[in-house]
Amino acid sequence: MKYKKIVFGLLLVATSFTACNKELDGLLTNPNYPSTSTADVDLYLNKIQLDFNGFFNGASGAAGPLARINYAWGGPFYRNGSSPASYDGLWYTAYSSIFSNVDAMIPLAQSQKKFIQTGMARVMKAYTLGTMVDLFGDVPYSQAVKGIANTTPAVDGGALVYAEVQKILDSAIIDLNNTNAASAPKVDLYYGGSKAKWITLAKTLKLKFYMNTRLVNKAGATSAIQALLTENDLINTSANDFQFQYGKSLSPDSRHPDYAGDYNNNGGGGYLSNYFMWKVASEKYNGIVTGVTSTTVAATTGDPRLRYYFYRQNTSNVYSWADATSCPCILNSQYNNATYPVWYPSVPDKTPFCIVGGRGYMGRDHGDNSGGPPDGAYKTQHGIYPAGGEFDNSQSKQLSLGLGAGGNGINPIWLSSFTAFLKAEAVLTLGVTAKEGDAATLLNSGVTQSITKVVGFPTAIGYQNSSIPATAYANATQIANYKTLVDGLYSAAATTADKLDVIISEYHIALYGNGLEAYNNIRRTGSPKNAQLAVATATPGIFAYSFYYPSVFVDRNSNAPAQKAIGTAANKVFWDNNPANFIK
Amino acid sequence: MRKKLLWCLFVAFFSFKAAIAQNTTVTGKVSDDKGTAVEGALVTEKGSTKNKTLTDANGVYKISVKSGAVLQVSSVGFAKIEAPAKSVTNFSLKNLSQELGEVVVTALGIKREKKALGYAVSSVSKEDLEMRPEADVARILNGKAPGLNIVNTSGLSGSGTNINIRGISTITGGSQPLFIVDGVPFDAGTNTQSNFTYGTQTPSRFLDLDPNTIENLNVLKGLSATTLYGEAGRNGVILITTKNGSTQKAKKKTEITVAQSYFNTDPILPDYNTQWGGGFDLSVGIAFFSNWGGRLQGQIVKHPYDRVTAAQPWALEYPEFKGAPYEYKYYNSVAPFFKQGNMQNTSINLAGSTPNANYNISYSYTDDQGFVINNGLRKNVFGMGGSSKLTNKVTISGTINFALTDQVSPPTSDGYGNNPSNSSVFGNIMFTPTAVDLMGLPYELPSNHSSIYYRNGNDIQNPRWTLYNAFTGDKTNRTYGQVSARYEIAKGLNLTYRTGFDNYSEFSFYNQNKGGVFQALGIMRTTTSTNMIWDHSAILNYDKRINEDFTLNVDAGVNSRRRIFDQNGMKSTEQLVYGLFTHGNFVSHTTGSEDGSELNYKLQNLSLGAFAQANLGYKDYAYLTVGGRNSWSSTVEADNRSIFYPSVSLSYIPTSMIEALKNNKYINYLKLRVGYSTSANFPDPYSTRSALIIGTKAFQTNGGTNVNYNALSSFLPNPNLKPELLDEKEIGMEGKFLNNRLNLDLTFYQKIANNQILRRDLDPATGFTSTQINAGNVENKGIELALGYDIIKNKDWKWNTNFLYTLNKSMVSGIPADIAQINISGYSNLGTFAKNGSPYGVIIGSYFERDASGQRKVGPDGSYITANSIKVIGDPNALYRLTNINTLSYKAFSFRMQWDYSVGGSMFSGTAGGLLGRGVTADTQFDRFLPLILPGVLENGQKNNIQISSSQAYYGNSITNGAPYESAIYDATFIKLREASLSYSIPASMLNSTPFGSLSLSLSGNNLWYLAPNFPEHIHFDPEASSTGVGNGRGFEAMSGPSARRFGASIRVTF
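Residue numbers (the working numbering), protein chains in the order written: chain A, 1 to 584; chain B, 585 to 1639.
No lab work stands behind these hints: they were computed from the structure. Relax, there's no trap hidden among the hints.
Here are the simulated DSS-like cross-link-like pairs (lysine-lysine), alpha carbons at most 27 Å apart as the crow flies:
id	chain 1	residue 1	chain 2	residue 2
1	B	K1075	B	K698
2	B	K906	A	K397
3	A	K146	B	K1306
4	B	K1379	B	K710
5	B	K1281	A	K186
6	B	K837	B	K710
7	B	K698	B	K710
8	B	K1313	B	K1393
9	A	K146	A	K167
10	B	K1382	B	K1249
11	B	K636	B	K613
12	B	K886	A	K397
13	B	K1313	B	K1203
14	B	K1377	B	K710
15	A	K22	B	K1306
16	B	K1441	B	K1455
17	B	K1203	B	K1128
18	B	K913	B	K886
19	A	K195	B	K1281
20	A	K22	B	K1186
21	B	K1075	B	K630
22	B	K1527	B	K1455
23	A	K572	A	K584
24	B	K1441	A	K584
Next comes chain A alone, as it looks inside the complex (with noise of 0.2 Å):
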């Protein structure tokens, strides 16, 4: 008895392995995701069209404190302004979201016929690498997202992926002109399924590229320019701008990011950069600040973007806090008798140093990084356009969750003012006709494109506040003093460099809100020239003419490439051949 009962056990004991085993198996797939089998292209798209507007604000964030479009908060030193570890975020939505979704994406699609859908991708996709490229130079490509394959791709010179860029942006024309091709997706955030709106960006970007490798192969980026100026389906018009838009919700949180950073109950967000606001605000009138005066009546004179760019939480032109030190650069460096560093220019131009000619617009000088003083109240911060704040009507009133428009704002990635803006140098540098005319009337243009933006972006984004009467707003006569005024330096100026400078200056003010062509405009053309210099050294080091390579990278590859010696070195990009002391 006993022994049939230990026999029993043990085949009972044999019997629930067996059965065990199948268990086993039954739990090795995770219950918490669907399996890849249920992929849908659409959705695929949905999540490359996000990681896609998130790479850019990674890669205008930046890179605009080098363009001094934004503050560099970093110090003044070019080696320590940033780290490695800053520019992870870049790398990861690149290759391990963007390129890798695409890469699985366009298999899928192309068995569905869904060639708008590739299309748009491989358009993403090319911009993506490009920009790689422009900010870090040589970056994996042919070896990249090949998965357990390889697990440490090497990188391939910037010229050949400049290339593919080119490559993927003909095959995107391509799939998107298919005629056999299946619907469009259901949702498109930039062009509503507009194929033809593709088309027009991939040729716009195609330019774009081509104008950066300009200074090193100029025979080639000139006849491929002219055939794109010649066909000229660009982004010539508003109606075909390539941009972002953010929309309003708390949850998700999709409003602008500047806007999120800025309109809060507890002091707001960063500083502006002054360099940027006296651009704006002051260059062009012997550093005064003007527009400005009345809250109910536009003025005639200044930028008629002022108001829409820069919200002032104080127009105040004394900062009476408790005392003084809240805004220590007061008590020695008020505009006009500042007491400058010895380095600094003899300040023929007015260049910004602490705050920009009072009226309230306070920022921070480029590579400043001394402590925070108390001064959350008395912070410009960003206004209605490109962030979606608040127009500037001086209502001197402290930011606060919601305030403005709420945060539907645009990442202008593309508009037809830049398009303007690159023509006129491209026909000033290059030599190639624009059927718009010559350069002057193309930087007319351009500016008149860009402030018709800006003045038009109240209404197009829905943005209504009854204590603002109409008359407060840009007016006609104030855009034309400013075109007038532009025109006037560009026929000013003596030289091609200083007309290009112009041009640049103009382009320079209407990228607000892209700090990435910025940092390639200043790199390809040394303009804005008057972008100001570290206010707390002489020495700051060489420019950072790229980017380090992210920790990731370097940390986790063995076949990566030493990093880069930031400042002390000029690490330039294959496109560059300026001399290393082009900018400071």
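Since the structure of chain A is already known, use the hints to place chain B on it.
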């Protein structure tokens, strides 16, 4: 029919035997000196090797011997005795030395004599666990056993605790030991709901145990001890027997024990700067973060709440502050923010027995209120257990426990002198500028309860507002227990089946009202997780004395363990009506946590094992144990599912073998042991197969369309992932010397985990960001020493001193060459890392640029230059740790003191770096008018001669201003009086006329005093802190708050 025939044969055989030798039959009972029956004692006729028998369960034997024979009786743990055989001969055996007879509970609840074990086991007695000022069993264990490393995550009541045994031998896996309670696995996990930067205090689930209900606790440190538990035991096992699970019989028919404790908890705070106030560069700037302002002289300054110019609406609500004077002077703000916490514990235990059964019922209640408002822990633990021997050779026993644990705490996030990452009770309080009258100013706006504070931008969440408006908590209802049945198949052959379950539901929340600086619109995140472990094992035990020299003990069995974890949760934002926390009172809802992780998920894994272990004893002085286990797990593909891991150990007792050593006055007992053992580790579930990531409502367009997506996972699955094998060598000795006055237990070990299951971070350029591979080795080797000496031992006085020494050295190797380092915890550019050729867990972060001679380089602005990369800036591992426990008793008085001394190891301290950088403590109370020159060299190689202000020197070169993290690395050496207690037991003679069986009183305290000499003196920093929660991170602290000192009294009576 057949049975009867067999029976007849037996009877015939024995009758025949009796007939040929004219022998007499002797019966008797063998008992120990307390009169308890001794089962299995060997009774031999002297001079004969064949005529022998064993006593039965009642100690009774029956043997037939020649007349006039002498009987010898021997049994393990007792001295051999002999007596002339009479018809009834009873024996009373004498215990050998205590050590020899000591029985310990080993793996699977198997009781073994300690001398037969070839590995180290540390036992912690209930006396060391009861009536302590701590509700967390792990924290009480600190310093009680060599080889154990306990790290707290916070001084708040109910916060999580890290336990590591013999170092951390995994690079990216779990390192916490297995808890076994009453023979079955007990989940001791810490279920964090978001990244540590989001500030939820998550308790470790061993908090559900009440230390007062523990009968005994053993720490199984080496793999030799834990092999039978399988891969779950690879980090060591904390083996707990509760009073309910104990099969020890009560002394009386019923015995009731009631214990009551009361303790106070005080925070240990920095000494603040009373001479200099808020501002920068000597300005009288009341609104600054920094305390680098002017001399505090009672100057009248603008009131910080006078907000007319700031256009803030609260200027209207507090008109009294408009134009009001405000004195620029020292306000004692930080100390009154804290309060005295208190803890009380009541525990009642009822034990009883009948001849064939015993039972135990316990209840305990703990109320532990911490040193800040709204931090507390309430815990009710009910339990009962018992066992009964049935007539049909079956013994059944079982336990069941209910634990209701309710913990609340304000959130604590990371920070270092700036605003913390998120709402944090400590993030903004510790560096409050000394001229800010925190307690004298309102903290909220009357109209809408939003936070207000002294900064004009109102960018600091008032710490008092945080206290009253931000809550985290965790309510757990837990049931755990086991049922087992033992069936005696034949003499010496038993089959035991045991099933255990551990089931809890944990309800966690993070609530914050609208109106704060963080989560300004309010947040409510709730999760309910259920965790179930269901464990079955069947064990066959065979116990046999083969002959006079050899004993054999075999345990073989099978085990299955299933864990099912299921979590459901929701996060809501945008509170509608202030003060109410229901999801319905919030506008937006999502299933993602603040850090983006999904709140709803489930995990299930199943582990099966078959194991056997044989212990062969030779003449009571040599024992060989050979064992092994084969495991199968559901977390790897079928081809890699099975792994076998053996173990072998040897124990040798020279004092029982060599005649010269027997009854030796100087060497009373000596045991040498050596072992080699292995164990395995399986990956977490779902690492081998790919999945599609989905996201819903990831974005809402301006037109209100919700955008959903699917995407490839950035985790690259590895279908070839294999389990890893760990091995360990252990050698040691135990001894008692000098008339049993000197005790020694010494162990050397070397534990190697090769080809680990490693989370490999991939260059995103591969298209993926991480995978799991089999690579990387961690070697831990160390020394564990326990040395005790009875300095005085006489009738009235006893003084015993005990030293526990722990040394562990780790080394990481074999990480693929293309991985520079692996991030274990913290941030990607500051935290603990694994790096080839370095000890495990080195701190890597940004550092100062130095010249060839190691001097810091100073830039043209007079401040240090930060290098643009990261490197090893510290090693958090202590060189060694030493504990000294002194017990002094005089008659009924007993005094006990535990000193801990930890030498070496470094720490990133956000508290020290932040407070120094902000200039708030007395450490920076010097003449600030004098300029400073930082020691270092200029870039041209000359000695630095640039004068800078004290603000620049301290703030400008501190982590608060982005100076390299190296600037906040400190040596973490400390000495600490961890425990002291004085107790008095009323002598039994005085209680004779009372209903009390015993009565004792004690005064005790813990963390009474400490000194960390390498930290800034006035910060009073306690290096036993960690901000990265429960995990493998060490030496990383970012405003984790003050440590707590507890002291109080307890009383215990038995009836």
